[in-house]
Structures are given as structure tokens and as C-alpha cells.
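What follows is each chain in one-letter form.
Protein chains: 2
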Amino acid sequence: MPLITSRENPHIKAAVRLRNAAAERCASGKFFLEGFRLCADACGSGYAPEELFLTPAAREKYQTAPLERAAAQVFEITETVAQKLGDTQHPQGVFAVCGMKPSSLPGSPTNPQIRWGGLARGVPLRYIALENLQDPGNLGAVARTAEALGLAGLIIGNGCDPWHPKALRASMGALLRLPVIRTDDLPGALRSSGLPCYAAVPDRGAASVLACDFTRGGILAVGSEAEGLSEEAIAACTCAVTVPMPGRAESLNAAAAATILMWEMVR
Amino acid sequence: MPLITSRENPHIKAAVRLRNAAAERCASGKFFLEGFRLCADACGSGYAPEELFLTPAAREKYQTAPLERAAAQVFEITETVAQKLGDTQHPQGVFAVCGMKPSSLPGSPTNPQIRWGGLARGVPLRYIALENLQDPGNLGAVARTAEALGLAGLIIGNGCDPWHPKALRASMGALLRLPVIRTDDLPGALRSSGLPCYAAVPDRGAASVLACDFTRGGILAVGSEAEGLSEEAIAACTCAVTVPMPGRAESLNAAAAATILMWEMVR
Numbered sequence: 338m339p340l341i342t343s344r345e346n347p348h349i350k351a352a353v354r355l356r357n358a359a360a361e362r363c364a365s366g367k368f369f370l371e372g373f374r375l376c377a378d379a380c381g382s383g384y385a386p387e388e389l390f391l392t393p394a395a396r397e398k399y400q401t402a403p404l405e406r407a408a409a410q411v412f413e414i415t416e417t418v419a420q421k422l423g424d425t426q427h428p429q430g431v432f433a434v435c436g437m438k439p440s441s442l443p444g445s446p447t448n449p450q451i452r453w454g455g456l457a458r459g460v461p462l463r464y465i466a467l468e469n470l471q472d473p474g475n476l477g478a479v480a481r482t483a484e485a486l487g488l489a490g491l492i493i494g495n496g497c498d499p500w501h502p503k504a505l506r507a508s509m510g511a512l513l514r515l516p517v518i519r520t521d522d523l524p525g526a527l528r529s530s531g532l533p534c535y536a537a538v539p540d541r542g543a544a545s546v547l548a549c550d551f552t553r554g555g556i557l558a559v560g561s562e563a564e565g566l567s568e569e570a571i572a573a574c575t576c577a578v579t580v581p582m583p584g585r586a587e588s589l590n591a592a593a594a595a596t597i598l599m600w601e602m603v604r
Numbered sequence: 338m339p340l341i342t343s344r345e346n347p348h349i350k351a352a353v354r355l356r357n358a359a360a361e362r363c364a365s366g367k368f369f370l371e372g373f374r375l376c377a378d379a380c381g382s383g384y385a386p387e388e389l390f391l392t393p394a395a396r397e398k399y400q401t402a403p404l405e406r407a408a409a410q411v412f413e414i415t416e417t418v419a420q421k422l423g424d425t426q427h428p429q430g431v432f433a434v435c436g437m438k439p440s441s442l443p444g445s446p447t448n449p450q451i452r453w454g455g456l457a458r459g460v461p462l463r464y465i466a467l468e469n470l471q472d473p474g475n476l477g478a479v480a481r482t483a484e485a486l487g488l489a490g491l492i493i494g495n496g497c498d499p500w501h502p503k504a505l506r507a508s509m510g511a512l513l514r515l516p517v518i519r520t521d522d523l524p525g526a527l528r529s530s531g532l533p534c535y536a537a538v539p540d541r542g543a544a545s546v547l548a549c550d551f552t553r554g555g556i557l558a559v560g561s562e563a564e565g566l567s568e569e570a571i572a573a574c575t576c577a578v579t580v581p582m583p584g585r586a587e588s589l590n591a592a593a594a595a596t597i598l599m600w601e602m603v604r
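Residue numbers (my numbering), protein chains in the order written: chain S, 338 to 604; chain W, 338 to 604.
Check the hints yourself; a few may be wrong.
Said to hold, decoys possible - In silico DSS-like pairs for lysine-lysine, Cα to Cα no more than 30 Å straight-line: (1) Lys503(S) / Lys398(S); (2) Lys367(W) / Lys421(W); (3) Lys438(S) / Lys503(S); (4) Lys503(S) / Lys421(W); (5) Lys421(S) / Lys367(S); (6) Lys503(W) / Lys421(S); (7) Lys367(S) / Lys350(S); (8) Lys503(W) / Lys421(W); (9) Lys438(W) / Lys421(W); (10) Lys421(W) / Lys421(S); (11) Lys503(W) / Lys503(S); (12) Lys421(S) / Lys398(S).
Said to hold, decoys possible - Some residues of chain W that are not near chain S, with every Cβ distance over 10 Å (derived): (13) Lys350; (14) Ala364; (15) Phe373; (16) Ala407; (17) Phe412; (18) Gln426; (19) His427; (20) Gly436; (21) Pro461; (22) Leu462; (23) Asp521; (24) Ser529; (25) Arg553; (26) Glu568; (27) Ala572.
Hint data in this document are derived by calculation from the structure and do not stem from the laboratory. Every residue gets a Cβ at the ideal spot worked out from N, C-alpha and C, and that includes glycine.
The shape of chain S in the complex, shown without the other chains (with noise of 0.2 Å):
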């Protein structure tokens, strides 16, 4: 196993890019993962590592023998190096760099693997639909809610990046396990999706969220923390839904607004 002891390390430094910057990731269409527990994670939902990284100590303390398996290339580093790669104060000493499936590629606005529509084996299907999350935290945080919801999968448009590390931490993984549709043109999926869309506003207008029929499944979709969803997607909505507030109005964080609205889907 190839040992890396400097900081400036070719293979490191291109790990570094790709944590720091969107762009880096969108461009390889690879990201970065931090952790012993998201590696294994990213390891049983297909995505094979590129490169692993990992101290000594590390190997020592987690069960990383599946990981090294699952590896095209695995590296020995230093804690030194490791205090490079982290980005929390304390590394595991575990990191892996990864490619996205096709699936999640920018570009690809349906995924064979979803079965769109209808009912599987019997259960309605509800995703959840995210536009311009910019918050990294808000976006996983919704991922983790929607796996413990049980929802078949997030649609992901413009300007929110699943690949953060921020993102993938705060999902505790859900993003590595839910199936991911990226899509440049989220209006555009949402209408050729074939079921119910919901666009959560924070309009008092709106239909209630109490008074929405979700027994035939759909799609429900946030927008961003400041400025909601655009126009466009909620144009290509079926219905505008909010969430009544006996309180101050339009004090729902975005996060907040999505998990009321996933759990009434559910409920």
C-alpha cells in the first residue's frame, strides 16, 4: 500500500478540491467523504471508492478491510495528512473519493432505477423535490428526515449539491442510500414525472397542508431558505401547499417547512 507522508501530495491535494469546491466536483463528477461510517455507507450503496485514504490508526480501530476490498486504490497517510483531508478537528483518519452514479449526474433528468408513478408493489410513491437549498446542513438534514419517512427518493434541481460534505454529513448517509435524481430542469421533471406535485409556499392563501389528499402519492417541493421555490416549479406544480401557522407568519425555516410537509405526506 502506497504511503503519502506530504501535505502537497498530488493525490491529496486533488482530494482537498474536490471537499472545498462545487465546481471541482461537478466538473470530475466525483466527491469526497470523511468518516469511517460514510465511506462503509458509500461502499454498500454502490459507490465503490477511487481512492482511499487512510492512518494507520484508523485501520487499527474500524473494520476498514471491506473498504480496502471495495478500493480501486488505497493509500497509507499520515496523521499529518489526515489533519489536511479532514475537515472536523479531530479526523477518523478515513477518506475516500468516489464517483457519482450516472444516475445523479447533472444532466440525466430521470433515473431507470425510480420506477416513476403509480404504486410499488402496492405503496404509493413520494419523493421529495429540492430547489436552491443552499444551506448544505438543510439539505441533508431533509435527506435523513426523508429516508426515516420512508420516501422512495429526493429529486435534486439547481443550485443545491449533494455531494457537500456538510450535506452528506448531516444526512448521517441517507443521501449515499436514497436513490438521487439531479436534474438542471426541475419544472421539467416535475411535469414529465406523471404524479401529483406539491409545491410548499409559505402563502396563507395556500391549501392547507390538512387539507391535501396524499393517498395516491407525489412529489413535494421546497425551495430555497430565502426566496422559496421559483415561479417555474411551482407553475409546473399540480397544487400549492402550506403549512398553517397559529404563530408568526413566514417564520418556518426551510427545513422545518419540508419536514412538516414530508410527515403529513406520510402520515
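Chain W: place on chain S using the hints.
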């Protein structure tokens, strides 16, 4: 108005300590605020600034006159000093040091302003109680949702710091507007409230939130991200409730679980 040009000025150094250290806030009974909106919220909620720090640009851009009238001391600061005070990359140039309200100080388990139990104008009172919620962003997000959903207030036990700058910011001021009761003895406060108390637990054996009757109001208690509620807090509650999850077990984070449970309380 005195002008501060040095980042080493004792007022500035004291404010930075309040920003950075929970122990400093706890010992002094003061907290630090950044941003025009939060400072205005504080004034509107009866937290008159003991010290207000403003850049000339901020005085031009924002309506700071009411803040200046309310503050005991007002300082003009340079942009360099604002950079030191600011937690954000582009500070607005508006900062305040405020005193906590007596009801919010540790060790005062009840607040005479809060009408515990029963009904206020015929509306059942609902509170959220938090224990060891360690991420200040989660604490702020839960407070923001509590306000939006019309809860009567927050009860904050050990291990939560409602005066953390990130909590205040994530709450969008809700932590300043809602009644906040701090207590070092959350189980005691729950027992003495006379209200039905609901312990949020991830245990699939607990009662489903869908089977709970919240019509009499009550207190929803939520514990830490990693450990959940303490045994003592669970024992002090009337019953344990859980969010039924069709998806992956134990994978709702504390803020998402609190959001769904608060929603069910008011639904």
C-alpha cells in the same frame, strides 16, 4: 458617542468573550448579539442593550435610533473593530451586549410571567422542553419552529445554551421573543408544572404520537442529538411518545423529531 478604534479595547474584548464562551455568559448573566434584526428583536422583547456597538455605515443603513435610545451605552466602532466582533464574514456593524432576564437565569425554575397549566383565554398551553440539545443551530431552529407553531414558550434544561450566538441567529429572534424558562432541574420543573408531559423517545415500543391526545396542552420534552432524554426526565413525564417511522430506525435527528412532535401537538 465614544469612538472605539482598537480591537484590544476592554469593551470589545469583553464582548468577544461573551460571544465565545458559555461560561462567561453564565457567570455574568449577559449575552452578545450580532445584527440589526436581532438587536431590534431584543429591544422589542424587553432586553435593553447595556452596550451597543455601531459602525458609521450601519448608522446610515439601518434605523438605529430606537436602539440607541434604549441602550445604556452606545459606542461607535471602526470597520476593523466590527470585523473582530463579527461572527460572520460581512458583519452588518450592529452589535449589542444585553442582560438576561431574571426569569431566564439558571436556577429560577419557574417564571411568574408564565401561566403554568390550564388554559390561557380558553387555549391550552403548549411548551417545548429541551435537555442537552448541544448543537446551537438545532436549538435555534426548534425555537423558531415553536414560535411559528404558536407554542407558549420554551423550557431549557441543562446542556442547552439559548444565548449562543448561533442559536440566537438560527432562531431568527424567536429565543428573544418567546418566554424562555431556564432550569437546572428539568425533571423537577416538569413534575411541578402540573401539565401533561410527553417524553420524545426513539423507542418503537413507545406510544405513537398519532395515538396521543394533546387537547389539554402540555409539555413536549426532547433530549440530546446523541443520547436522547435522560432517564430522570423520561421518568418525570406522563408518557413517552415516538414518531412512527416506516423508514430507517432511529434516524430522525432531534430537531426533526421535535418539529414533527410540536406539529402534532398543535395540529
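key: Violations among the numbered hints, reported as their numbers in ascending order   = Going through the list in order, the structure violates no hint and respects every one.
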